[in-house]
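**Q** Letter by letter, the chains look like this.
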Amino acid sequence: MSNLVIILAIFGWAILTYLAFKINKTLGNVFVGVLALALPAYFFTYTPSDYTVSVMGMSLQFGFTSFASLFAMLVVVLSSFALLYSIPYMNKKDRLGWFYMNFMFSVGGMMGILMSKDLVSLFIFWEIMTWSSYLIVIYQGKKVNKVGLKYMIFSAIGAYAMLMAIVLINKWSGNVNIEQFFASFPNYSSAAKLLSSLLLLTGFGVKSALMPLHVWAPGAYTKSPMSYTAVFSGALSKMGIYGMALVAVNLYVHSNMPIMGEVIAWAGAITAVLATFWAIFQNDIRKLLAYSSIGQLGYIAVGLGIGTELSVFAGLYLAILHGLFKGVLWMVVGAIEHRTGKTDFRDISGLIKKMPFTFFVALVAIIALAGMPPLSGFVGKWMLYESMITSNHFIMVLFIFLSSTAAFLYCFHFLYGLFLGQQEDEFLKDVKEVPVLMMIPMGLISLSLIAFGTFPGLIFKPIAQAMSTLGFENVTWRMSSLTNAWGNSMFLKPANFMFMAVFVFFLIIITVVNHKKTKKVGTKDIANGGEPIRDEDNLHYSVDIYRPFYRVISPIMKYKVETFYKRISKGIEEFFQFFRRIYSGNGQTYALYVVIFLTALLILSSTIF
Amino acid sequence: MVVANPILYVALPLLVAFLLPLFGKIHKELIRVVPGLLFMFLIFNTVVLFSEVTSTGKPIITQIAGWAPPIGINLVFSAFSGFIAGIISIMGLLVWVYSYKFKKVEFDNSLKYFVLIMLVTAGSIGVVLTGDIFNLFVFLEIVALSSYPLVAFYRGRDGAEASFKYLIVGAFASIAILLGIVLIYSQLGTLNMAEISLRIGEMPEKIKITAFILLFLGFGIEAEMFPLNGWAPDAYSQAPGPVGAVFASMTAKAGIYTIIRLVFTLFDIDAGYQLLLGMGIITLVVSEGIALRQEKLKRMLAFSSLGQMGLLMIAFGINTKAAVVAGMFILFNHAVIKSLLFFSGSYLVYNSENKNIKDLFGFGKKLPLTAFLFGLGAFAIVGLPPLSGFWAKLSLLMASADSNLIALIALILIVSVVEIVYYFRVVNGLYFKKYTGEFEPHKPSWNASLVMLILAAVIVTVGLYPDLIYNYFVNAADALMDKANYIQNVLPSNFVGLN
Amino acid sequence: MSEELMQQILSISFYGASLALILIGVYGVLTKKNLIKILLSLTIVDSGVNLLFVSLGYIMNGTAPIFSPAIMDGKIEVLKTAPMVDPVPQALVLTAIVIGLGVTAVGLALVIRLFRHHNTTNIDEIRNLKW
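Protein chains in written order, with this note's numbering: chain A, 1 to 609; chain B, 1001 to 1499; chain C, 2001 to 2131.
Just chain A, with the same shape it has in the complex (with noise of 0.2 Å):
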């Protein structure tokens, strides 16, 4: 039972956030802060028992297995921290109520999702996941008509893929509970087989933003309000994963069918490597995130579909890993946002003087989430590594390996573009650090990212806890250290902070040995040789800084998986712009058709009966 009441009480609570809005906003954000509190508070020391509904004479059943009990806690962790990060962030936009009750929706579905054992509860949560979001997506109004649209389409096509191989899954094994529809599995034909198995990963994929099923998540995640887009893009993603994994271990690994587990890691290696040239040219932070959580997503599908025990443990790894600093990165981008208005490189330079506490967590997201050894990422990125060559896939290291190298240029043109490079003294005037109640999320997500790196086997646990689920029993692990196939060890305790040691001791000597040629650069601050400057000549040195490497790459940019569906989807309308003329308004073309379908039956009656 215990189950079905926290979600009940979160959806419950949505409503009654609502209302509370309706009478006072500060005793909103009071009823928004005490589920923030609640939920992980409730999470954490509850014991689950299964609990089972009967509707329409299906039995759906809840309750928590290890494996969705890891993604429970991404979600339940993300989630309170981003509704605590909201108040502030939110404070004066307007609609509060119906934003958090839609928040608070969609935390609902995702913990629905987690503790659905039966595919038709899993779906009715995943709808109403996806309509809520959608309503944030939505929800600031402006010029967000064709994303949303697009979000909901997409998701439509997602979830009715999903909702087909439902319906068939129970046809063929006789109901929809999901343990049961693994077992049954390898009995299917193999037209079934694959026909079931492709649909749910369409279904699953477009979540998690799988190429060339990611067209909506650039616009979607830009357009929704950035405390949201952090489990947006943190937590709600990893519904794809969540399913994804379910899916291609269970179905593929334990039912021989590799050849579906190679295409997801190609489909997940290709969205790696293009996703990540996408981020790097990217003129708006938050298009720049946005790509960059597509292409982390792509790793993750790797490690998902080499489907060996190393990969899916590095799989899972990295997907909680970038949920967190996904998280981060997102509320910093927000958090900027809320000081200076401003999301594009053009305008914004120099953040380091006045936020420098944002500065320090995006710094640490960003070394996170570009795997150096220091902070946590490095330790996935080195498992998913050793599980790609130890499974003989070497051109697909080749791609990650481009992928995550590229993924220093945007990394970098993060760092540098927002917080440091020219600074403009008008600009920065009235920016301020943000709010206490925006720097704790921030700072201790950040802290985790640290503790994680040097003590992976917090993470570790639940993970190998998680894998029994998906039939690794067993996994091995260790508090801080890494072991390799070929018996090599590494103690991660003093390799960091052998590096550490290192990092400062340059820091230092740099700093030091420059001290005297540092000088403040404005953009106007340049030599121009005479010729007046106009205000569209790009003044700001970290826009277009990756012109040149554009130029090598763009012969395989240029085509776009977008172009592609818009054209299926304007040929349908001009199909249909033809066909309304049936209707041709003329009463006596209607008693015509009339006349004709009768003759015509008449016609065909020995055939037809």
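Worth flagging that the hints you see were computed from the coordinates, not collected in a lab. A couple of the hints might just be wrong.
Calculated pairs, DSBU-like style, for lysine-lysine (alpha carbon to alpha carbon, straight line, at most 30 Å) [unchecked claim]:
#1 B:1443 / A:25
#2 B:1366 / A:92
#3 B:1296 / B:1443
#4 B:1358 / B:1101
What follows is a set of in silico ranges between Cβ atoms, one per label pair, in the way DEER data are often shown [what the hints assert, rightly or not]:
#5 B:1402 / A:25: 50 to 56 Å
#6 A:600 / C:2085: 35 to 41 Å
#7 A:595 / B:1062: 36 to 42 Å
Everything numeric in this text was worked out from a predicted model, so none of it was measured. For glycine and all other residues, C-beta sits at the position ideal for the given N, C-alpha and C.
Model the placement of chains B and C on the given structure of chain A, informed by the hints.
**A** Only chains B and C this time, still in chain A's reference frame:
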């Protein structure tokens, strides 16, 4: 029970319709109050009869003028026909509440309006309840004859044009039905549906099929089947707002009922089911596709409504228990959700001349409640959980999976994506396009808001807990599919007719 | 000529006439452009169907299905065994005629409304609602 009787469904609305002008002479308010009282009584009637049917498990047969069937006309209130009659009477009450403060309230206008609504109700329920095929024809004509003036109700609009098209096609329908009846009568010498059903095998194959085709055509026109539905979008879009809901929840229900009875009970032609299924698929695809390209709100709703009728035909055409149950669910949903959409939609385009979709841009802030309810209706009709549309769609899909119609599942789902596209275009426009300022928003009166809220509450409640009414669907499906039981109950002595 | 043959010829000519009426009417509805002519064609179809229906129940030399006192008294013995005309089609046709009348009346009213609105009775020009 003396008070509740199936005959009252038909007799009372007819009586009230003709006495209403007299009531108007006594006191003007009576013409608005009396129909409401009548609808309340009809609902009471439904409740009493339904509880009797469920407790005894047998349909209630009423003989008119004391002649036992098959000679006399009889009314059959079974779990199936009673279910539809119940939907019609409840929707009738809601339509009445909605139009209680009818806009541009003039005595003459509201008198005409309520008289016509009474006639439509009497006709629709009569169609559903009657056990005599000629009687069914007469009731269908009552529905049609009272729908023509309702479509042409406003002088300013192109209602007369729509009505005239409806009339031409409707006349063809009545001719086809009459010819079909003639053929059946010439062979079997009976008009009682149970007896026809019992003895249909006696008819020569050729004549049987010709009669089937004629009736299929005639009822297909009433059930808005493509390509016989040219009149429907015009009629839906030109009629006054509540009448769109009346069409969706009453006359269309009567139409689909006739075609279901034709295929399931009257004839024993197996290809009939496949024909129904095929026509349903065509209707669904064509209508939803054309709805994608509509610029006018009500026309879009009309085409969407036609698509739902296609879905209904698919459900009944599959002809398994599960599919029929799903069909009942869709039937219920269509009545409730489409009415909500028509009710709220007609307030959104209230002051606009052309009723274009772009005229309601930005109304989300101007009419928050109405726009929200329209959005809820749109969410429900495309089948987003946890609203009631989802369960209907799910059960239909599961039923088609059980019948191995995998391509059909894909088709229905693709069409659902199309549905999402055009509904969400409107919802997006409501909230996120700039208000043009060209049209003054018109606030719905309290009674209209009340009706819309009730419908929304039903949608949400059923969506959260479908088991609440699921049993009714199952019972209705049982009653429909058990043909032998129907004959047995109407003709208890298994009477084998006159000749 | 025997009575049976007579009966057959009669019924065939009835059927033929009604079929002809129906076809003429349908042709009129589909080809005539004038609203009133279309309505007239519809009534012709109606008459055809009604004729067909009535002729079904007709029997040569049949009497009306009325048990009048004269018959009951047995004064006219012949009639007692004489075939009766089937009364049901006649009752139905009466109903159908009334319905047809109603449809025509509504149709004519609509034509008046349309003429006022569009100033024409050509159906091709009344196409405001389309697509």
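**Q** Which hints from the list above does the structure break, by number from lowest to highest?
**A** none
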